[in-house]
Amino acid sequence: GENVEQHPSTLSVQEGDSAVIKCTYSDSASNYFPWYKQELGKGPQLIIDIRSNVGEKKDQRIAVTLNKTAKHFSLHITETQPEDSAVYFCAPRKGGGGNKLTFGTGTQLKVEL
Amino acid sequence: GAVVSQHPSWVICKSGTSVKIECRSLDFQATTMFWYRQFPKQSLMLMATSNEGSKATYEQGVEKDKFLINHASLTLSTLTVTSAHPEDSSFYICSALSGGLETQYFGPGTRLLVL
Chain P
1 GENVEQHPST LSVQEGDSAV IKCTYSDSAS NYFPWYKQEL GKGPQLIIDI
51 RSNVGEKKDQ RIAVTLNKTA KHFSLHITET QPEDSAVYFC APRKGGGGNK
101 LTFGTGTQLK VEL
Chain B
1 GAVVSQHPSW VICKSGTSVK IECRSLDFQA TTMFWYRQFP KQSLMLMATS
51 NEGSKATYEQ GVEKDKFLIN HASLTLSTLT VTSAHPEDSS FYICSALSGG
101 LETQYFGPGT RLLVL
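Sequences listed follow chains P and B, in order. Position 1, counted from 1, in the first sequence is what this note's numbering calls 1; the numbers after and before it change by one each time, with no gaps. Position 53, counted from 1, in the second sequence is what this note's numbering calls 53; the numbers after and before it change by one each time, with no gaps.
Hint data in this document are derived by calculation from the structure and do not stem from the laboratory. Glycine included, each C-beta is placed from N, C-alpha and C at the ideal position. Fair warning: there could be bad hints in the mix.
[To be verified] Which residues of chain B face chain P? A few of them, derived with a C-beta cut under 10 Å, are: (1) Ala2; (2) Gln6; (3) Cys13; (4) Leu113; (5) Leu115.
[Stated by the list, open to error] Covered stretches of chain B, going by a simulated chain P footprint (3 or more residues, C-beta under 8 Å): (6) 39 to 49; (7) 102 to 112.
[What the hints assert, rightly or not] Derived BS3-like pairs: lysine-lysine, alpha-carbon spacing no greater than 27 Å straight-line: (8) P:Lys22 x B:Lys41; (9) P:Lys58 x P:Lys71; (10) B:Lys14 x B:Lys66; (11) P:Lys100 x B:Lys66; (12) P:Lys110 x B:Lys14; (13) P:Lys37 x P:Lys94; (14) P:Lys68 x B:Lys64; (15) P:Lys57 x P:Lys110; (16) P:Lys100 x B:Lys64; (17) P:Lys57 x P:Lys100; (18) B:Lys64 x B:Lys14; (19) P:Lys110 x P:Lys37; (20) P:Lys94 x B:Lys41; (21) P:Lys22 x P:Lys58; (22) B:Lys55 x P:Lys94; (23) P:Lys94 x B:Lys14; (24) B:Lys20 x P:Lys100; (25) P:Lys100 x B:Lys14; (26) P:Lys57 x P:Lys42.
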């Protein structure tokens, strides 16, 4: 099955700094690449996604970049704020239909004042 | 838009009893819903895919007779944990696929504690 890893597993930044989380996947047929934010005790919330025919997408302070050749995509958060503190998951969709997502190992982001 | 709810948000039950969790898409129809389980400090693991009007598809290692799924309408899927045991204690999360799109919208989760 699809093997999905995230790095780093924990990330601590100062408020206002940028944060980058990398997701590496194994299935070259993956064609949809979302990032989810999960706050403690809550369900995941989609924050940004990208499709395989696009290399980069930006939404205000959040951006995602995709390198299909190397099979990885990254989440970029600029001007971090305390409310960005959460666990972030990548969840590439395996090719071949079924719309199944495979969640990565997760990254705990802590934004310090 | 694209709001998914779950009920109950948390439940405590005795070992051996059955527990039903509901997942509803509030403002859209979902022909496909998914059920995940998440243990503390771990990632989400897909348990099964629920399709309206047909039998659910279970992931490898998930017992279909223990985790009963019913998707009787386009806005409701239910997961019943039968004869629950302490090892079934977990955070159960559903998601719904918005028709025509590929985005999964997640519910707030249901925390189950089996004593």
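Hints the structure fails to honour = 3, 4, 5, 12, 14, 23, 25
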